[in-house]
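Dock the two chains into a complex; use the hints.
Chain by chain, the residues run as shown.
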Amino acid sequence: MDSKRRSFLLKTVQGAAVAACGGLVWAHLLRQEAAASVLALRPPGALAEADFAAACIKCGQCAQACPYDTLRMARAEETVPIGTPYFVPRDIPCYMCPDIPCVPACPTGALDPQIKDVSKARMGLAVIDAESCLSWQGLRCEVCYRVCPVKGDAISIQNHPRQTSKHAQFVPIVHSQACTGCGMCEEACPTEVAAIRVLNPRLVQGKIGSHYRLGWKSETPITQEFIPQAVPSSAAAEAPAPKTAPGMDALNQGLEP
Amino acid sequence: MSAVFEPPREVGEPRKAVRLYTPPDTLGGKLWGWRYLMLRRTVQVGVMLMFFGTLHWGWQAMGAPLLRGNLSASEFLGILPMADPFAVLQQLVSRQGLHTTVLLGAAILLAFYALAGRVFCGWVCPMNLVTDLAGWLRTKLKLNDLFRLPRTTRYWILGMALLLSALMGAAAFEWVSPISMLHREIIYGAGLGLTAALGIFIFDLLILKHGWCGHLCPLGAFYSLLGKWALLRVRFDDRTCTHCGECARVCPEPQVLNLKQAAEHGMVSAGACSNCARCIPICPERSLDFAPRWNARPAIDHRTRTQP
Numbered sequence: 012m013d014s015k016r017r018s019f020l021l022k023t024v025q026g027a028a029v030a031a032c033g034g035l036v037w038a039h040l041l042r043q044e045a046a047a048s049v050l051a052l053r054p055p056g057a058l059a060e061a062d063f064a065a066a067c068i069k070c071g072q073c074a075q076a077c078p079y080d081t082l083r084m085a086r087a088e089e090t091v092p093i094g095t096p097y098f099v100p101r102d103i104p105c106y107m108c109p110d111i112p113c114v115p116a117c118p119t120g121a122l123d124p125q126i127k128d129v130s131k132a133r134m135g136l137a138v139i140d141a142e143s144c145l146s147w148q149g150l151r152c153e154v155c156y157r158v159c160p161v162k163g164d165a166i167s168i169q170n171h172p173r174q175t176s177k178h179a180q181f182v183p184i185v186h187s188q189a190c191t192g193c194g195m196c197e198e199a200c201p202t203e204v205a206a207i208r209v210l211n212p213r214l215v216q217g218k219i220g221s222h223y224r225l226g227w228k229s230e231t232p233i234t235q236e237f238i239p240q241a242v243p244s245s246a247a248a249e250a251p252a253p254k255t256a257p258g259m260d261a262l263n264q265g266l267e268p
Numbered sequence: 032m033s034a035v036f037e038p039p040r041e042v043g044e045p046r047k048a049v050r051l052y053t054p055p056d057t058l059g060g061k062l063w064g065w066r067y068l069m070l071r072r073t074v075q076v077g078v079m080l081m082f083f084g085t086l087h088w089g090w091q092a093m094g095a096p097l098l099r100g101n102l103s104a105s106e107f108l109g110i111l112p113m114a115d116p117f118a119v120l121q122q123l124v125s126r127q128g129l130h131t132t133v134l135l136g137a138a139i140l141l142a143f144y145a146l147a148g149r150v151f152c153g154w155v156c157p158m159n160l161v162t163d164l165a166g167w168l169r170t171k172l173k174l175n176d177l178f179r180l181p182r183t184t185r186y187w188i189l190g191m192a193l194l195l196s197a198l199m200g201a202a203a204f205e206w207v208s209p210i211s212m213l214h215r216e217i218i219y220g221a222g223l224g225l226t227a228a229l230g231i232f233i234f235d236l237l238i239l240k241h242g243w244c245g246h247l248c249p250l251g252a253f254y255s256l257l258g259k260w261a262l263l264r265v266r267f268d269d270r271t272c273t274h275c276g277e278c279a280r281v282c283p284e285p286q287v288l289n290l291k292q293a294a295e296h297g298m299v300s301a302g303a304c305s306n307c308a309r310c311i312p313i314c315p316e317r318s319l320d321f322a323p324r325w326n327a328r329p330a331i332d333h334r335t336r337t338q339p
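So the sequence lines, in the order shown, correspond to chains A and B. This note's numbering puts the first residue of the first sequence at 12, with every later residue one more than the last. This note's numbering puts the first residue of the second sequence at 32, with every later residue one more than the last.
Bound conformation, chain B alone (with noise of 0.2 Å):
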């Protein structure tokens, strides 16, 4: 960032006073600061729930299968195809011809993670569920790091993967991904996929605090790369905000909430924010919430205050 921030307070005026995050004592205040968690768990478990009741229950719509397939590739409504856009980019990489189908799949869901952001992590992937899980045991266990890594290390494995499909000819990160083994087995019945998640969880607990999601994952480096233009955004009021921390407690890619380039943006701008929405009910302030990035507000940067 080229411009030194300066809060767009007067001069002399400081922040308000730092007050921590309370619980709320009521159930109603409870389930209110529950609200994007219980619709992202409704929205995950209704994916794959309506993967599985097509497949076992014979679930139709309008004469049609709801939702064939998995999250690799399906078919919604026997209409609107799908596609994990990383896997076929994979499969384009190992030089494998494909038909339009899937081309038109993947560059639906591509249109349409570049506009809402890296919401599958946090929406969508079955995997969330269990390092969501891990994460949040290892909070109460209170469990330290075995090592660090730097989370730049996913991108690495994202070239790495699109490398291996280049030179081997087979889309080299989804014949071993855990996610891919996760749905495929959700749906189609349980097997050694379970030990992969298993394995994640493991990982996730003991080993790093979100290590996966937040170190290793290529798909989720390669929704982040997505991301960083998306059009859903959490919306940063600076003139608000005490800095007391709590939205970077509970982050889960806690980079991302850099104040400093938040305040600047009037928003979270970077693509790894998956749009989870933790921070937004956590904030004491209310600073954080969700709105289109044409809607963000800007701190007054250096250039208009100098302005008479």
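Next up, chain A with everything else stripped away, as it sits in the complex (with noise of 0.2 Å):
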């Protein structure tokens, strides 16, 4: 081989190699910068937070439009993926204006100009320590409930008979259909830290699972078929003849007195 093919073909490995380098670091630099974070509240109609991510071209045009200065821009020294728009409701909540300014403003479609009517955003998830919470203590405070924009169904508000007196709690309890994650409860509740907390639904919320069915709030007919289809005939012989009696039903059977 000669001398210049073999520095050509030299210079060509290590140029590739300075590229690979390079692309590594860059990639973890990349995946670390860009990852979805599940602690981040978004505005009103983002998109799922890795769609958010990848559409958001980071431009603050959001928080602009906000009438409350609730968006803030996240720094390269905050959790939050660098230059995405996020909120802390302790500090500012979403207010959940009607017209929803901060979608409008939105360039790249990350907030998502689907959304006509603002209950409808899916910001986070309102969670209560009861340990901290002062209504379940027994205090009769319910801030959450009144603050709460979509009072009634998002927050509501239960009373659970108390052991120790005769006054009942009345405890404030989440409704996630309703929950919008706007986050006036939490700025709003009184205790030292908020016993009243929004946080993504992912970080909160089980699920069933489709397998499980609740008879009593089921409305779709039961399928199977639980009555003996057929009676030994052995039994059925043996067997004295069914009192009727009111309550009798087939899984009674042979059990009747």
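Hint data in this document are derived by calculation from the structure and do not stem from the laboratory. None of these values were measured; they are calculated from a predicted model. Beta carbons are placed, not taken as given, at the ideal position from N, Cα and C, and that holds for glycine. There's no promise every hint is true.
As the list claims (entries may be wrong) - Each pair of labels, with its calculated beta carbon distance range:
{"#": "1", "chain 1": "B", "residue 1": "Phe143", "chain 2": "A", "residue 2": "Asp128", "range": "36 to 46 Å"}
{"#": "2", "chain 1": "A", "residue 1": "Leu50", "chain 2": "B", "residue 2": "Pro54", "range": "52 to 62 Å"}
{"#": "3", "chain 1": "A", "residue 1": "Gln43", "chain 2": "B", "residue 2": "Phe321", "range": "38 to 48 Å"}
As the list claims (entries may be wrong) - Derived DSBU-like pairs: lysine-lysine, alpha-carbon spacing no greater than 35 Å straight-line:
{"#": "4", "chain 1": "B", "residue 1": "Lys291", "chain 2": "B", "residue 2": "Lys240"}
{"#": "5", "chain 1": "A", "residue 1": "Lys15", "chain 2": "B", "residue 2": "Lys259"}
{"#": "6", "chain 1": "B", "residue 1": "Lys259", "chain 2": "A", "residue 2": "Lys22"}
{"#": "7", "chain 1": "B", "residue 1": "Lys240", "chain 2": "A", "residue 2": "Lys22"}
{"#": "8", "chain 1": "B", "residue 1": "Lys47", "chain 2": "A", "residue 2": "Lys15"}
As the list claims (entries may be wrong) - Calculated from the model, a selection of chain A residues having no Cβ within reach of chain B, i.e. all distances over 10 Å:
{"#": "9", "residue": "Ala38"}
{"#": "10", "residue": "Glu44"}
{"#": "11", "residue": "Gln75"}
{"#": "12", "residue": "Arg86"}
{"#": "13", "residue": "Pro92"}
{"#": "14", "residue": "Ser130"}
{"#": "15", "residue": "Gln188"}
{"#": "16", "residue": "Ala189"}
{"#": "17", "residue": "Ala199"}
{"#": "18", "residue": "Lys218"}
{"#": "19", "residue": "Ile219"}
{"#": "20", "residue": "Glu230"}
Written out as structure tokens, the structure reads:
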């Protein structure tokens, strides 16, 4: 192999090696920076976190459109992916403007313009720490219930009997099907550290699984036939004729007095 | 270049004697010499100020926010969308579906920079303030490069940015861009992004002259490729040029001042020229000025010279 060709090949291989090393470091940085954050609370109408991180061009026009300065742009030192908008409800929650001005401000569609009703937004889910919630201790607080913009639907008050006195507890309960995650409850919570917090639903929500059926809620007909189809002939012969009594059904056969 | 350049002088006529640039004595002369520099700084600071004022002081014009957003994507007067075409290209390569607003904004800026050349780098980018300061200081301090790097490195980085965007489904340069970090933090509040600017300042000052803008930045590389066909050019008049080399001394991309090519085209034709106009006032013979591409004065090449 002549030396010119050899040096050309060597240069090529060395260049490729530099590119590969640089690319690996860059890819690692990218994976860290662009990693979807389960901690970030996004503006209303935001796409699912991974899609949001990819679609957001980090221009901050949503933050500028927000009349309450709720949205901030993540800096390099924060845990939220750099340059993306998020909010901290304990400082400034989302006040759920009916016209949702942040959404049309987004040029890329990272905030989905399909959202027309701000109560359909799912920015997060409020979660109550019963151990520090004043209402759960028996005090009449209920601040979160009263500030909730979807009052009654997202947070309701249930009364629980209390063991130690005649008075009942009036405790707030969050309902995920109506909670928008605006965080007004978290901002208003009077405890030193908020006892009600807004988190990404993925961090707190379980899932029952489709194979469970809550019969008392289910409106679908029972499809499996539980009544014995045919009674064995010998048993039928030996058993005394069933007495009819109120409340008796097939399951009680053989048990009647 | 196929044609061998021959100067358009008559045979035997020498170039004029070389005389170097002498700084003007009067303040007026000095200011006139800095006219493009001052204009450039005004535009650079003005753009940042318009973003900043719109956000923090509620600047409006015609009842709409003056300039909302940042250099990644913005909206002028509530009607004109603009977007960083390179950022949008990365997002598109990463197969992210985007809305028409940002696509239109990117197309608008793509068209603008295709006409005006690589002016983003010298006239808009806030990082240019940092690198120019480093460049000025390193000239004053007479510092040497630690190593050399081919200026084509940035095109490889540009390719890598697109490759990684495609492979990883995220805009590869946008997530790590010190430029984005800097203008975002100028507008939305300072944080670690200023450290990125400091890093580039140190790199440009102590390690490699014009290291970031001239060797590494893929955004500059993108605009260099785009600027190849730009209509706004630095025109070059070979008839008056004495080859004193003052222009190349102040040029941040001195390879674009290949005077042989410039004479052939009658202009600085390389896309990497950022139209920063440092060279124009410093030329002692006034051989350089701004002109549209069609007004360039190519030196008479050998084919026309052989005509009777």
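The hints, checked one at a time:
About 38 Å separates the C-beta atoms of Phe143 of chain B and Asp128 of chain A, a value consistent with the hinted range of 36 to 46 Å. For the pair Leu50 of chain A and Pro54 of chain B, the beta carbons lie near 57 Å from each other, so the given range of 52 to 62 Å is met. Judged by the Cβ atoms, the range 38 to 48 Å given for Gln43 of chain A and Phe321 of chain B holds: they are separated by roughly 44 Å. For the hint pairing Lys291 of chain B with Lys240 of chain B, the CA-to-CA distance comes to about 24 Å; that is within 35 Å, so the pair holds.
Distance check on the hinted pair: Lys15 of chain A and Lys259 of chain B sit about 32 Å apart at the alpha-carbon level, within 35 Å; holds. The suggested pairing of Lys259 of chain B with Lys22 of chain A holds, with an alpha-carbon distance near 28 Å, which does not exceed 35 Å. Restraint check for Lys240 of chain B and Lys22 of chain A: satisfied, since their Cα atoms lie roughly 24 Å apart, inside the 35 Å limit. A distance of roughly 43 Å separates the Cα atoms of Lys47 of chain B and Lys15 of chain A; the hinted pair therefore is violated under the 35 Å criterion.
A beta-carbon of chain B comes within 10 Å of the beta-carbon of Ala38 of chain A; the shortest separation is about 6 Å. Interface exclusion of Glu44 of chain A from chain B breaks down, the closest Cβ pair being 4 Å apart, not more than 10 Å. The non-interface label for Gln75 of chain A is inconsistent with chain B: the shortest C-beta to C-beta separation is roughly 5 Å, within 10 Å. Its closest Cβ contact with chain B, about 3 Å, brings Arg86 of chain A to no more than 10 Å, contrary to its assignment away from the interface.
Not every CB of chain B is more than 10 Å from the CB of Pro92 of chain A (nearest about 8 Å), against its label as outside the interface. Chain B leaves Ser130 of chain A outside its interface by the beta-carbon criterion, the shortest separation being 24 Å against a cut-off of 10 Å. With a closest Cβ-Cβ approach of about 28 Å to chain B, Gln188 of chain A is found to remain outside the 10 Å limit, as its non-interface label requires. The beta carbon of Ala189 of chain A is kept farther than 10 Å from every beta carbon of chain B, the shortest such distance being approximately 29 Å.
Separation of Ala199 of chain A from chain B is adequate, the least Cβ-Cβ distance of about 26 Å exceeding the 10 Å criterion. Distance check for Lys218 of chain A against chain B: the nearest CB is about 26 Å away, which clears 10 Å, and the non-interface claim stands. Ile219 of chain A, annotated as away from the interface, keeps every beta carbon of chain B farther than 10 Å; the closest lies near 32 Å. At the 10 Å boundary, the C-beta of Glu230 of chain A stays outside the reach of chain B, the nearest C-beta of that chain being 38 Å off.
This entry does not satisfy hints 8, 9, 10, 11, 12, 13, going by the numbered hints stated previously.
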